[in-house]
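K.L.:
Listed below, chain by chain, are the residues.
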Amino acid sequence: MFLIKNSVDFQFVENREWLSGFINYKVGIDGISILFIILTTFITPICIISVNASITNRLKDFLIAILIMETFMIGVFCSLDLVVFYLFFEAGLIPMFLIIGIWGGERRVYSAFKFFLYTLLGSVLMLVAIISIYWITGTTDVEKLYELGIQAEYQNLLWLAFFSSFAVKTPMWPVHTWLPDAHVEAPTVGSVLLAAILLKMAGYGFIRFSLGLFPIASENFTMLVYVLSLIAIIYTSLVALMQEDMKKLIAYSSVAHMGFVTLGIFTMTQQGIEGSIFQMISHGLVSAALFLSVGVVYERHHTRLINKYGGLVSIMPRYAIVFMVFTLGALGLPGTTGFIGEFLILMGAFEKNILVAMIASLGVILGAAYMLWLFKRVVFGEMNKQELKSMKDLKTFEIITLSALVIPILFFGFYPEPLMNSIEASVENTLNMYNFDLINNLASKD
Amino acid sequence: MNFPILSSLILLPTIGALFILFTKSSSGKYQSSKYVALFISLANFLLSLYLWYVFDKKFSRLSVCRK
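From first to last, the protein sequence lines are chains A and B.
With positions in the first sequence counted from 1, the corresponding number in the numbering used here is that position plus 807.
With positions in the second sequence counted from 1, the corresponding number in the numbering used here is that position plus 1.
For reference, chain A alone in the conformation it holds in the complex (with noise of 0.2 Å):
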């Protein structure tokens, strides 16, 4: 028996002639990037919708950039070169560095620098290591690529140049500190684009290049990276215990959660990158409805201090239902999109590494601790100020948009074979490449 190299197989590939003999415009699509796809698709409607409130000025302005954030992040999922990722992966960055400098807060113009300067920085490596791709290779088509394979002494300087844009973008410990900056500064609209879909490129893109390029640099960095998300998710998980402002809270959760994905991807198993793609599935979806539920209370009251709330269940009683489903659906309560990825992470690394998988799992109960005690804070309790009192509960839209939240976290928790069943032979044939290129890597050296 020999195993042959089994590349991922793309579907509605399209391949267009573009820089003649150079790059190609190559796009299609795998049961990861198809559920990337929607989840960028489903949550630009609701953000259209949510527009509503927070925006006042420049609304047809303001539009156009969600649109066009929109196309490039459509883009990132389905390209199959690696220049005209490149290009759409950068090309976000625009709208959402106008979104917060235009539309955003007081800090408005510090937090869009910091953001793009993080992101840029990181990311002009990764053309670096492109253009050395080109070079080594010959060519910048994922496909061949993947078939060609890099040579060993090649792959651990170019995975540290994917790595150190991937990783400010995801954003994992010690380079996630534009996104509380961001997330804050950021209108209501803008915060849930960054979390619910750019932060997904990231992980998007550590499945799809760092293991599937560079699998012999991947294993050799592992340790690195189950560091650096176990530092991110209990470490982050305390900031956010601390934090006042409820927007911050989210973005530091933010973090915890994406070294969760981070976590799995790593343990190379089958469950653990499942898990992962199911996190970031259900991180979309929670994230979203808490920064469009903290828009709620923000546009009534005019603060994102959490001790400027309490007892908001007496007077709100349907968003203190939904806001309940979402928190529940972060802290990861079976039933919720939440609990499935953390549980199959948290299988994943099991197999690979007992301690890593022990000390993770401590970031599931400080979940629970800093989500529940905001829920405590902001909903519960005694309704004794007045100036609350007369806020009203959800408007028609904001029912709309927060009920179609619900219904994914809620129906995908309890039912995920339709999102996993899309991935599951995918990422398949990533692990069989991986593995292919590491026992090939062996043999050549014995």
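In short, the hints are calculated from the structure, not lab data.
Hints are not guaranteed to be accurate.
[As the list claims (entries may be wrong)] Derived EDC-like pairs (lysine to aspartate or glutamate); straight-line CA-CA distance at most 20 Å:
| no. | chain 1 | residue 1 | chain 2 | residue 2 |
| --- | --- | --- | --- | --- |
| 1 | B | LYS25 | A | ASP868 |
| 2 | A | LYS951 | A | ASP816 |
| 3 | B | LYS58 | A | GLU1235 |
| 4 | B | LYS35 | A | ASP868 |
| 5 | B | LYS58 | A | GLU1231 |
| 6 | B | LYS58 | A | GLU950 |
| 7 | B | LYS58 | A | GLU1224 |
| 8 | A | LYS1196 | A | ASP1253 |
| 9 | B | LYS58 | A | GLU821 |
[Said to hold, decoys possible] Covered by chain B, according to a simulated footprint, are these stretches of chain A (three or more residues, beta-carbon under 8 Å):
| no. | segment |
| --- | --- |
| 10 | 816-826 |
| 11 | 832-841 |
| 12 | 849-855 |
| 13 | 1220-1232 |
Beta carbons are placed, not taken as given, at the ideal position from N, Cα and C, and that holds for glycine.
With chain A's structure known, arrange chain B on it following the hints.
P.N.:
Then chain B, alone, in the frame of chain A:
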């Protein structure tokens, strides 16, 4: 060649954005722009659901062969 469904998914929002850019909305409230954006993004969502529906989920090559 079949219908380029992925390129359509990528381009549709940009076409919508250009349409919004070049249409003048009356009364300065831009409500019509919002409906255009919503319509385009919902159309894109339905197109992606269709893509998921026609996507072959078990599509994979054999990884083991005998020599």
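K.L.:
Each hint needs a verdict: does it hold in this structure or not?
P.N.:
We went through each hint and held it up to the structure:
no., hint, verdict
1, B:LYS25 with A:ASP868, "12 Å, holds"
2, A:LYS951 with A:ASP816, "12 Å, holds"
3, B:LYS58 with A:GLU1235, "12 Å, holds"
4, B:LYS35 with A:ASP868, "11 Å, holds"
5, B:LYS58 with A:GLU1231, "8 Å, holds"
6, B:LYS58 with A:GLU950, "19 Å, holds"
7, B:LYS58 with A:GLU1224, "12 Å, holds"
8, A:LYS1196 with A:ASP1253, "75 Å, violated"
9, B:LYS58 with A:GLU821, "19 Å, holds"
10, 816-826, "holds (count 4)"
11, 832-841, "holds (count 5)"
12, 849-855, "holds (count 4)"
13, 1220-1232, "holds (count 4)"
Of the hints listed earlier, the one the structure fails to meet is number 8.
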